[in-house]
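K.L.:
Using the sequences and the hints, build the whole thing.
The sequence shown: position 126 = 108 (our numbering), numbered continuously.
FYI, nobody ran anything at the bench for these hints, they're computed from the structure. If you're wondering where the values come from, they're calculated on a predicted model, not measured in any experiment. Be aware that one or more of the hints could be misleading.
[What the hints assert, rightly or not] Within a straight-line C-alpha distance of at most 27 Å, the following computed DSSO-like cross-link-like pairs (lysine-lysine) qualify:
{"no.": "1", "residue 1": "Lys120", "residue 2": "Lys152"}
{"no.": "2", "residue 1": "Lys345", "residue 2": "Lys255"}
{"no.": "3", "residue 1": "Lys35", "residue 2": "Lys55"}
[Said to hold, decoys possible] The calculated label-pair distances, taken between Cβ atoms and stated as ranges, are:
{"no.": "4", "residue 1": "Glu191", "residue 2": "Asp97", "range": "25 to 33 Å"}
{"no.": "5", "residue 1": "Asp294", "residue 2": "Gly240", "range": "51 to 59 Å"}
{"no.": "6", "residue 1": "Gly39", "residue 2": "Ser228", "range": "46 to 54 Å"}
Quick reminder that beta carbons are idealized off the backbone N, C-alpha and C, glycines included.
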Amino acid sequence: MKKWLLLLVFISIHFVAFSIIQVDLIIMNAKIYTIDSNFSIANVMIVDDGEIKAIGGDTLLQDYFSENTMDIKGQFVYPGFIDAHCHFVGQALDAYKLKLFGVTSFDEVIQKLVDFAKQNNRLWIEGTGWDQNDWPNKQFPNKDTLDALFPDTPIFLLRVDGHAALVNSKALEMATITSQTSIEGGEIELQHGEPTGILIDNAIHLVKEKIPELNRQDAVKFIISAQQKYLEFGLTGVVEPGITSSMLDYMMSVYSKGKLSLQYSFFMNADDKNLQHPVLKKGLKNNAMHMAGYKVYADGALGSRGAFLLQDYSDRDHHHGGLLLSEDSLLHIAKAVANTNLQLSVHAIGDAANQKVLANLFKGFKQR
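P.N.:
Have a look at this one:
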């Protein structure tokens, strides 16, 4: 009888031991927001092989064991955050540029520019982030001071919204921009018949295309570094509206190296070249990257006075912005995207732009 009891105890011990599952991580004494259908809150999470295996109460501790058990003493655990409108690659590739976010005057811009030039030997000096609405007079600056300080070095300073830029005469010269230059969907601001150095919307690209692109190695390094900062803030996914083919190539490089930890969804800038891209025609979706669709820009932005309005801007007489592409071009792009399994995202800020886009697309597709 004693032998049978010992055998039963032995079997019971082995049964209990083998029923407890060893996992990589246990988080306990937490306040875990599950975001399930009942928005329930749990206090134990079981993680194994990079996946959440179970979420629940203390009873889970009877079924799982880990050498890495974290008692976080009532702290919060949230699902990963997704930024639904984020210029991730654009921001990452700005790493080497002069940052002008939050500057409170044009004098401060100039001082930062001078300091930056002393510390960086560049063929082009690029900056980003200025906003004249944060300055006392709230007026666009001009190139005069830039010309005096940097007569031989091209300067390109992008406004915070990406729809206007300040450049110097050297940059205008390299882009062969004069007072006679015109471009559809863009403006070269003139004063007394000469360019001021302010370029709006499509006019920006005349200079941008002259700036040498980053080499792939640096671009990949900047993207991986930016990704780490996003992850540290709890962002596990981003949606980027409007990237170039170069940006896509950089992201594909990061993915192919196994370095892409963010879930990356994106819209591709819609133009004839990108609409014919062999990868994009089929769409792109893997375990980290997802092409959601194409993006087209109908007008500019309010801060740079490029948004297309029904009435004139209050601080600029006889000006109400305009469309960045013709209505025929918009309809051509919309029909091309409609023949794919992808979405079309339209940037339309002004009330006039919204009316034009909706009326044009409704009319065009109604006639199909």
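K.L.:
Hint compliance check: list the failing hint numbers for this structure, sorted ascending.
P.N.:
Violated hints: none at all, because every hint is consistent with the structure.
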